[in-house]
Amino acid sequence: MTLLDFFLRHHSEILQSTLEHVWLVGIAMLLALVVGIPLGALAARRPWLSTPILGGANIAETIPSLALFGFLLPIPWLGGRADRLAITALALYALLPIIRGTVAGISGVDAPVREAARGMGMTEGQILFKVEFPLAFSTILAGVRVATVLTIGIATIAAAVGAGGLGEFIFRGLAMVNNQLILAGAIPAALLALAADFLLGILERRLRPVRA
Amino acid sequence: MTATHQVCPSGKCAAYTLTEVVSASSFGKCQRPLRLFDTNIDRLLACLRALLSFGRLDRMPTENHCSSGAEPVIEFRHASYCLPSGHTLLSDLNLSVPKGETVALLGRSGAGKSTALKLINRMLEPSAGEVRVNGRSTLDWDPITLRRQIGYVIQDVGLFPHYTVEQNVSLVPRLEHWPEERIRSRVAELLELVGLNSGKYLSRHPHELSGGQRQRVGIARALAADPPILLMDEPFGALDPLTRAEVQGEFQKVQQNLGKTIVMVTHHVGEALLLGTSIAVLDAGRLVGLYSARDFFNATEPVAAAYVENLRMYEGAEGKL
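From first to last, the protein sequence lines are chains A and B.
In terms of our numbering, the first sequence opens at residue 1 and continues consecutively.
In terms of our numbering, the second sequence opens at residue 213 and continues consecutively.
Everything labelled a hint here was simulated from the structure, so no lab data went into it.
All C-beta atoms, glycine included, are put in the ideal place defined by N, C-alpha and C.
Be a bit skeptical, because a hint or two may be false.
As the list claims (entries may be wrong) - Under 7 Å between C-beta atoms, here's a sample of chain B residues computed to sit facing chain A: (1) LYS311; (2) ARG359; (3) TYR364; (4) ILE366; (5) ASP368.
Could you put the whole structure together from the sequences, leaning on the hints where they help?
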């Protein structure tokens, strides 16, 4: 049986798993954006906070993924359901590139632009939303892009705690020493990552601000 | 010991006081400096000459204060600014800017000019003394309200790169929720004022403009909500000499027509003489002299004299021909 035959025969299961995978990554990314962008903005604004914020995100990044799933297991609300657990772990991984991108984007706004904004009597909030975020947008998006690709890869390991996704095929394939099963998980995951990278890349280029 | 220099720029004598040293502990930090009549004969003679040659004997200097008693728009009272590291950028500045006048702050890089400027719109807060705008200490103003009444122009312009010319110029009126119709006519009016044919430039982004055009837009933006005060930090510093002369010319018209109170930072002595009603010379964080444009050439104080010398040097170059 060729690989193609396998894909054709199991297309509905593969599609099902792919959707699960997208769902896990999507929710995790949303969570990471909601937490990461404000943290990044805070770190850019208050330099004394940038060390603890970036340091914390760095530490989360260094924990091996399988270990992180294990660490989160005993936490009451999280440990109860596999998808919650997986989403939290994935969001933690996505945090660092998003925070980094936000800090880099906001710090990259030209000093005279910020000075002019302040001098004209814009409030801190107006400076953030009308000046800094629009100018930092493409850099933030670059961080989101890295985070998305990273998360799609790591999400395959979420199957280890029973959260589903394309990792199911990979783990089953490993257990049964069946290469076709492994590839049935690995290939769609790789394609998913490439597609996300490509689409976000287009968006990033389109939204890059014009600079003098 | 307090020494007060009196100047008489264009007949409007006496609103300027310069305190060189106030060391006596009996003077409180916020107390006005003791005012003594200037005994510098040279300067008195220069004043007199200027007055005589312009037939303004009717406005002879009598007191140290304007006879109208009007409160200066901007007033530095023993204002100092120190960095957290303890390094002093500006020490004990006393300077008054009457309504409608342009004071040029002249001095080397690092003399404290920009620091003085930023104390006015509370971009910085004085470490000691106070800066009063319209009779109120900047610390008593809400910084946003204060800044909205003060136009601010900087050397690097700081136009928002993601905004069009129209959006840049209309920024403060929009923040102030002006009706759309009024904003549109105001933008057109302003671009006309700074010599930019409005229709053509409205939808351009800053990167599509030349340096001179960008600075013109910067000036238009600063004037947008018609602020009574304008602060300019080396506004023409980044322009080539010919473009600079053009924009200065445009600005002179603006200055004459709008009657703004202006404080301008420059290290270009010609610019200070051209645009300033008076010239405040700063050196190493201290005010070392305050002159009318006419007085400036007779200044004996070394820094001011060096600037005059510098100006003459260029004149001397003509001798080569």
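We went through each hint and held it up to the structure:
Look at LYS311(B): its Cβ only gets to about 21 Å from chain A, farther than 7 Å, so that hint breaks. Proximity of ARG359(B) to chain A holds as hinted, the smallest CB-CB distance being about 3 Å (cut-off 7 Å). Taken as an interface hint, TYR364(B) checks out: its beta carbon lies about 3 Å from the nearest beta carbon of chain A, inside 7 Å. Annotation: interface hint on ILE366(B) holds; nearest CB of chain A at approximately 6 Å, less than 7 Å.
With a cut of 7 Å, the hint placing ASP368(B) at the interface with chain A holds, because the nearest CB-to-CB distance is about 4 Å.
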